[in-house]
Structure formats: structure tokens, C-alpha cells
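Engineer: Count along the sequence shown from 1, add 4, and you get the number used in this note's numbering.
The set of hints was computed from the structure by calculation and includes no laboratory data.
Careful, some of the hints might be misleading.
Derived CB-CB ranges, DEER-like [what the hints assert, rightly or not]:
| # | residue 1 | residue 2 | range |
| --- | --- | --- | --- |
| 1 | 113 | 15 | 18 to 28 Å |
| 2 | 77 | 36 | 17 to 27 Å |
| 3 | 96 | 126 | 17 to 27 Å |
| 4 | 96 | 35 | 34 to 44 Å |
| 5 | 95 | 30 | 31 to 41 Å |
| 6 | 18 | 125 | 18 to 28 Å |
| 7 | 46 | 7 | 20 to 30 Å |
All residues carry an ideal CB built from backbone N, CA and C; glycine is no exception.
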Amino acid sequence: YDASPILFWVILYITCRRYTKDRVFFQALVDHVEKDIWKAVSATITTLETVHAVLFLCAWPLPNLRLLIDPSTNLVSLITSGAMLLGVQTGRGSSKEFCVGGRRECIFSDEEAASTWFACCSLSTKYVLYDICKPTQYH
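Could you put together the complete structure from these sequences and hints?
Structural biologist: This is the structure:
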């Protein structure tokens, strides 16, 4: 929790999705995660943990009217741009060229960079294909 509260709450939300018995607790958790995720993406992305939290949330979206208001397309776009600011697209770990300003303390390995970039590309492709192949409504 201390390393990344947002990642902690997103993982807790994902684990509670299937087996929750207390709907009031689950809805409070969903509301908290939704509020925190928008705060996280509205600021400059400075940690890989924030990127991971948003990617997890794009893979397991919040329960809402998904066809109408699912923000995953926007979130994956924002987080891919944020990941590029961290330099994960190079496939190398932390680099002097990218770790400047608020990202100075961001330290990660080559494997973390490559797997994060793969997740960004995979989820981006998923949502692009979904937008292209949306089912049409017949009246």
C-alpha cells in the first residue's frame, strides 16, 4: 500500500469483482477507485505503478454501462502517452533521458519497461479494434 495506494486499491477492486458478497462495500470501493484513477491520470504520470494501475483497470473495467460510458479507450490512450513520458517504449529500464523533473525517482528494469509497453500496445489494439467493429443497433 505504501508504494502505490492506487495500485493497491485497483488490485483489491479486481479481486472483489467476482466474489464480493457485500454490495455496499463493493460500490464504495468502485467509487473510490474511479475517483482516484481520474486524479492519477489528470496529473503527470510519474511512476510505473500508476501506469500499471490504469492498465489493470482498462483490462478489468469498472462496472457501468460499458457500451455507453466505458472510459477505457480514453484511459488507455492517456496512460500510453504517460508511459512514453517514462520511456518504457524503448524497452530499456530507467533512462537519464526520460527520468527528469518529477520522474527523477522513477526506477524500473528492462523487463518491467518491456512488459508495460506490451500491455499498453495490447490494450490499445483491443480498444481500437473494438471501436472499429462495434456492433450496430438495429431499430
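Engineer: Falls inside 31 to 41 Å, the C-beta gap from residue 95 to residue 30?
Structural biologist: holds, 38 Å
Engineer: How does the Cβ-Cβ distance of residue 113 and residue 15 compare with 18 to 28 Å: does it lie in that range?
Structural biologist: The hint (18 to 28 Å, Cβ to Cβ) holds, given that residue 113 and residue 15 are roughly 20 Å apart.
Engineer: Okay, residue 77 versus residue 36 on CB: inside 17 to 27 Å?
Structural biologist: holds, 22 Å
Engineer: Note whether the CB distance of residue 46 and residue 7 lies within 20 to 30 Å or breaks it.
Structural biologist: holds, 21 Å
Engineer: Looking only at beta-carbon atoms, does the pair residue 96, residue 35 fall within the given range of 34 to 44 Å?
Structural biologist: holds, 38 Å
Engineer: Look at the Cβ atoms of residue 18 and residue 125 and judge whether their distance stays inside 18 to 28 Å.
Structural biologist: Given range 18 to 28 Å: holds, Cβ gap about 21 Å.
Engineer: Just to be sure I understand the hint, the distance between the Cβ atoms of residue 96 and residue 126 should be within 17 to 27 Å; is that true here?
Structural biologist: Because 20 Å falls inside the window, the suggested range holds.
When held up to the earlier numbered hints, the structure conflicts with none and fits them all.
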